[in-house]
Amino acid sequence: MKFTLSWLKDHLDTDASLDQIIETMVKVGLEVEEVIDPSEALAPVTVGYVKHAEPHPDADRLRVCKVDTKDGEMQIVCGAPNAREGIRVAYAPVGAYIPGIDVTLSKAKIRGVESFGMMCSSRELELGDDHDGIMELPEAEVGTPLADVVGPLDPVIDFEVTPNRPDTNGVRAIARDLAAEGLGTLKPLEVPEVEASFDQPVTVITEAPDACPAFGALTIRGLKNGPSPEWLQQRLKAIGLRPINMLVDVTNFLSYDAARPLHVYDIKKLNGGVHARMGKVGESFEALNDKEYAVDETMCVIADDENVLGLGGIMGGTSSGCDETTTDVLIESAYFDPLTIAKTGRKLSLTSDARYRFERGIDPASIEDGLKRAAAMILETCGGEASSITIAGTPPVEEKTVSYPPAEVTRLTGMDVPESRQEEILSALGFEVSRGGTWDVKVPTWRPDVEGKADIAEEVARVHGLDNLPTDVLPRLGDAPRRQPALSEIRADAARRACAGIGLMEAVTWAFTDEEGAARFAEQPKEIHLLNPISSDLSVMRPTPLPNLLLAASRNAARGAESVRLFEVGGAYTDNTPKGQRTVATGLLWGAGVRDWQGSTDEPSVFDAKAAALSVLEAIGAPASRLMVFSDPLPGYHPTRSGQLRLGPKNTLARFGELHPSVAKAYDLPGRTAIFEVELDAVPPAKNKGATKPALGLPELMPVRRDFAFLYPAEKPASDLVKAIQGADKALIDDVRLFDVYVGKGVPEGQRSLAIEVVLQPNKETLTDKDIEAVSARIVAAAEKQGGSLRG
Amino acid sequence: MTLEADIASLEEELNAKIAAAEDERTLEDVRVSALGKKGVVSEKMKTLGKMSPEERQVAGPALNGLKARIADAIGARKVVLEEAALAEKLEAERVDVSLPVAPQQVGKLHPITKVFAEVAEIFAAMGFEVREGPDIEDDFHNFTALNFPPEHPAREMHDTFFFPPKEGGEKMVLRTHTSPVQVRTMMEEKPPIRVIAPGRTFRCDSDQTHTPMFHQVEGLVIDKETHMGHLKGTLEAFCREFFDVKQLKTRFRPHFFPFTEPSAEMDVGYERDGAVVKIGQGEDWMEILGCGMVHPNVLKACGLDPDEYQGFAFGMGVDRLAMLKYGIPDLRPFFSGDQRWIEHYGFQPHEV
Chain A
1 MKFTLSWLKD HLDTDASLDQ IIETMVKVGL EVEEVIDPSE ALAPVTVGYV KHAEPHPDAD
61 RLRVCKVDTK DGEMQIVCGA PNAREGIRVA YAPVGAYIPG IDVTLSKAKI RGVESFGMMC
121 SSRELELGDD HDGIMELPEA EVGTPLADVV GPLDPVIDFE VTPNRPDTNG VRAIARDLAA
181 EGLGTLKPLE VPEVEASFDQ PVTVITEAPD ACPAFGALTI RGLKNGPSPE WLQQRLKAIG
241 LRPINMLVDV TNFLSYDAAR PLHVYDIKKL NGGVHARMGK VGESFEALND KEYAVDETMC
301 VIADDENVLG LGGIMGGTSS GCDETTTDVL IESAYFDPLT IAKTGRKLSL TSDARYRFER
361 GIDPASIEDG LKRAAAMILE TCGGEASSIT IAGTPPVEEK TVSYPPAEVT RLTGMDVPES
421 RQEEILSALG FEVSRGGTWD VKVPTWRPDV EGKADIAEEV ARVHGLDNLP TDVLPRLGDA
481 PRRQPALSEI RADAARRACA GIGLMEAVTW AFTDEEGAAR FAEQPKEIHL LNPISSDLSV
541 MRPTPLPNLL LAASRNAARG AESVRLFEVG GAYTDNTPKG QRTVATGLLW GAGVRDWQGS
601 TDEPSVFDAK AAALSVLEAI GAPASRLMVF SDPLPGYHPT RSGQLRLGPK NTLARFGELH
661 PSVAKAYDLP GRTAIFEVEL DAVPPAKNKG ATKPALGLPE LMPVRRDFAF LYPAEKPASD
721 LVKAIQGADK ALIDDVRLFD VYVGKGVPEG QRSLAIEVVL QPNKETLTDK DIEAVSARIV
781 AAAEKQGGSL RG
Chain B
1 MTLEADIASL EEELNAKIAA AEDERTLEDV RVSALGKKGV VSEKMKTLGK MSPEERQVAG
61 PALNGLKARI ADAIGARKVV LEEAALAEKL EAERVDVSLP VAPQQVGKLH PITKVFAEVA
121 EIFAAMGFEV REGPDIEDDF HNFTALNFPP EHPAREMHDT FFFPPKEGGE KMVLRTHTSP
181 VQVRTMMEEK PPIRVIAPGR TFRCDSDQTH TPMFHQVEGL VIDKETHMGH LKGTLEAFCR
241 EFFDVKQLKT RFRPHFFPFT EPSAEMDVGY ERDGAVVKIG QGEDWMEILG CGMVHPNVLK
301 ACGLDPDEYQ GFAFGMGVDR LAMLKYGIPD LRPFFSGDQR WIEHYGFQPH EV
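For the record, the sequence lines run as chains A and B. Going by full-length UniProt numbering, the first sequence opens with residue 1, and the numbers climb by one from there. Going by full-length UniProt numbering, the second sequence opens with residue 1, and the numbers climb by one from there.
Check each hint, because a few of them may be wrong.
[What the hints assert, rightly or not] With a Cα cut of at most 30 Å, we get these calculated BS3-like pairs of lysine-lysine: (1) B:Lys224 - A:Lys400; (2) B:Lys190 - A:Lys526; (3) A:Lys280 - B:Lys190; (4) B:Lys166 - A:Lys343; (5) A:Lys343 - B:Lys46; (6) B:Lys224 - A:Lys579; (7) B:Lys224 - A:Lys343; (8) A:Lys400 - B:Lys300; (9) B:Lys166 - A:Lys687; (10) A:Lys526 - B:Lys171.
[To be verified] Residues from chain B shown here face chain A by an in silico Cβ test under 7 Å; the list is partial: (11) Ala20; (12) Ile136; (13) Pro212; (14) Met213; (15) Phe214; (16) Val245; (17) Arg253; (18) Gly290; (19) Pro296.
Hints are computed from structural coordinates only; laboratory data are not their basis. Built from N, CA and C at the ideal position, the CB exists for glycine as well.
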C-alpha cells in the first residue's frame, strides 16, 4: 500500500521528519518496504544556463554546450533536440546519480569531445514521463537547487499491509497508529453534512443478505464530470494510479484515504432499480477492464431490472460506467461478505483494489461517511445537487467488548506498561476503555482482528514498543526427565556419516518427482499425486529418492563428470498417512572414477552397492549376523544382479544392486550404475544394554586356519554354504571366510568351486591333529548337506 | 719349514681368499675349506694328536690362534658382504615418491545437514529437544489448529500443495511450515515443553529466491511463565552463537502470524563487505525469523488452557541461515545434486 507524506499529514499533525515517520511505522508493525524521496535524488541537481551551443564536429544529432553552473562554466555534450542557447536547464555534475537511467555520471568523451556532467530530462530525474528533451526551467539563479524550482516534492511510502489490519489500507489508520505512538496528533475527521435536495430516487434492494448485507446509495444529479483537481491527480499519480475523471478519481481517493471502496453508476444508463443479488448461470457482463465475465450462483452481482451491471465489491461494468457526458450518478457504498468476494475473485482470477479491501474486511460502519465524503467532493468540483441517503439491508456492525486484565501485557511480554499509558494507547487507537480490576475494552468497528485479551495486549505492546522487551534467559528445566534424542534422528545422522565415509556426496533433492521416474520403482497411489503440482515433472511424491538421484547423476554426467557418487537421507512415500512416510538412506555410484597408475578403478557393481548398504546397516546398529540375503527381482533393479537384505523373510532392511539397463538408458547413464536403499525405520531398536561393553575374553591360544575347496551348485546362494559351515562347530569355529570363486577347467558344468578359509579358535588347550581332523570332518559333512562336495 | 712359517703362510693364503670372496656363498666355501671337518686348518689341528707334549705345547696355542683368527676374519667379511647385499637390495627397491597416491574417495555432507546439526546443538544447550512430524499433513495440524481462518489465502491452491480429496472431502497437504509439529507436540506431551522441529516444508513457489521445497526449524516453549522477554533472550543467544559474534544488534518488529499473538519479526544488524555479509553490527537490518507468543486459540486447539499455560514459538528458514553463514549466493543449487557444488559448499563428516 502506497501513500505520500503530504497525504499522511492530512490526517496527522506532526513535525516529525520522514525518517522519524518511517522508523515509527516499522516500530508499530507497519512494515515499510520502500521509500521514494524524490528530493534526495534531486539533491545534486541545480539550475544551469546554456550560454552557447554548437553542433558537434563529428555527430549531427549532438550539440556541444557551454553551460554556466554552480561549478563554473562546463562543457556538456547533449543529444536532446531542445538543447539550445539561452535556456535554463537541470544540471547534474560529474559524480551525481541519475535515478531514471540508474547511472552515476563520470567525466566522458563523446565522439572525441569532452563532456562534464549532464543536462537532464524529467524522466531521467523521475519527475515525469517526458523524455523528448531536457527540462527547460523557469527564470532562476544559476546554482539554485532544482527542488526549489520544481516545487515541493512529496515522498512516497510503500508498506506491507498484514492480513490482520485491513484498516491500514486507508491512510487514516496509519495516522492513527502513529499518533497513538506519540508522533503527532490525529486530526479530527471532518465528515461534511451534505444537504439533501431531494429523496434518493433509485430503488436499491439487496436480495442477497449474506453476500451483501447492506447497500447504501446517494444520487447526485445535474453534475458536470471532468478532470479532477490538480492536487487529487498528483496524489493518485504519486501512488501509481491513473487519473481518469473526477467521478472515478473520488472513489479511488476514498479507497486509499479511508479504506472505503465506492462505486459510481451513470443513472441514465440504468434500466430501473439497482439490485444486489446472486448471479445466475448464463449471465455475463463486460467489466471495466474491457473483459467479458460469466457469473454464476455463487457470485454476488449488482444488476438493474434487466442486466448484470457488475460484480459487487470487485469490479463494475462498462454498461453503467461514467464518462465526460455523465450528469446523474448513483454512488454505491456497500458491505460485501469477505468470503464471497474472495471466492468470486479467485474463480474469475479478477483482482482489484475493491476486492483486495472487501476480502480483508472493511469497516461496516463506514457506509454513510463514505457516501457523504464522496458527495461533498463531487459537488464541489462538478456541481449538481445531492439526494438523501438510502441504505438497503443492515450493515453488520458488531458491538465487541473484551475483558482485559491490564496485567496481561506483562504476563505475555514481560514489559511493565503503566495502566495510564495502556489506556492512553488504547484510546488513541479508537478503543473505548472502562477501567476497573479487569477492564472492559470496546473494540472499534474497523478492527475485525481484535477478539481477545491477547489481541489487546498486542496493541499495547506494539505501540509501547518491542524495543522495551526485557532480555531474559530461560530458566533451567528443573528435574523434568530428559528424553534421549529420537532413534530416527540418531539413525539418520549415522547413515549420513556412513555414506560420506565411503566417499558419497550428500544431495538434497525434491520430495516429489515425475510420474515416469516414480513408476520405474513403484506404482504410487492416486492419493499422493499432487492436485496442483508446480510442474508435471514434480507431480507425485517419490517412492524412493532414486529417481531424483538418477536425474542428478544424469545432469552431473552430462556436465562431464567421470563418476557420480551421491546419496540422500530423506523421505520415501507410500501413502498419505504419517506411517506412509519412511526415512531411507539411498545412494548411487556410477562411472569408474579417476584412473590411477597403481591399477585401474573398476566400474561400480552390485557388490559395491551391497558393501555400501552393509556399511549403513552397521552404522545404524542393524544385527549384521542375522541378515538374510534374498534375490527377488525388483522394479528398477537389474533382475539378476540385485538383492535384498532382510531380517526374517518379510522385513526388508535394504535393497541393493545394479540399475536395470533400460532404466539406465532413460537417464543416459552408460555402463553399470550401483544403487542401494536402506530402510532406516525398519531396523528393530537395539535392546537397551546401557553404556557398559561386555567383558573382552581374549583367548590365550593361537588360532588355527584351514582352507577348504568345495564344489557347489552354481544356482545355490553361497551364503547358505558359509552359514552351514559356521554352524558345524559353534564352539570352535570363530570365522568362515569365502575367499575365492572359480568356474572353468576342472569344475563340472553347473558347479562352482568355492574356496573357504575356516578359523578355529581353541579355548582351553592346543588342538591336536585328531581334533582338527574331527572338526574338518564336521565341516565337510555340513557342506555336503548343502549340496557341496570337497574338491579332491 | 717351521710350524710358525707354515701357519703364517697358510693364514696369508686364507686371508687372501676371504678378502677375495665377493658373496656369501664363496665365503662359505672358504670357511668350509678352512674350518670344515676336512678343512686345511682342521687337518692341521688333527696333527696335534701325533705330536709330543712339548711340541703340542707350542703348536696347540698357535693352531688354535690361527683357527680363531680365521673364524673372526670370515665373520667380519660376512658382515661386510651382508651390508653390501642389503645396500644393493635397498637400492633396487628405490621408487619415485613424487608419484601421486591413489585418489581418496572423501564424501561431503550437505550444508543443510551442517546447519541442522548446529541449530540442534545450540538449542540443546538451552534444554530444547528435537521433534519430528510428517511431510504430508492434514488440514487440522497445518491450518485449523494453528488458527488459520477457513478463508485464509494460505489455504489456496496457489500457495499450498494439495492432494486429491478424501471421501469426506478433506484434502491432505504438503506441510507449508514446520508449525504442525507444535500442534503434535502440545497434543502428545505435557508442559513444560521445550522443543525444536527441523524439517522439510513446501509451498507452490518457484523462482530465483524460492523453491517448492525448503527447510525450516520451528521452536516451541510452553510452561506457565515464559514470556516475550525469554523469547528475545533465547533468540539473541542463538544468533550470537550461530553467527559466532560477540556483539549482536537485534530489533523486534511487531508483525502478524495467525498462530502467535503478540507476533514479531526479528531483525539482526549487518553490514556488507564486498560480497560478504557480516552479521552482528552495521547500519542495515536483515529479517531473520518470525516469532511470537503462542496464540490462545492454538493452545485451546491443543487442549491447553490459555489462562494457565503460555509460551513462545518461532520459525526460521534453514536454507537462508546456511546461505548467510557460509556465503552461499544462490538457493536453487541447494537441491540440484551438483557434485561440484557439494564438493565446494559441503562439509566433511568430522566437521559436522
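ask   = Which hint numbers doesn't this structure obey?
value = Violated hints: 2, 3, 5, 6, 7, 9, 11, 15, 16 and 18; rest satisfied.
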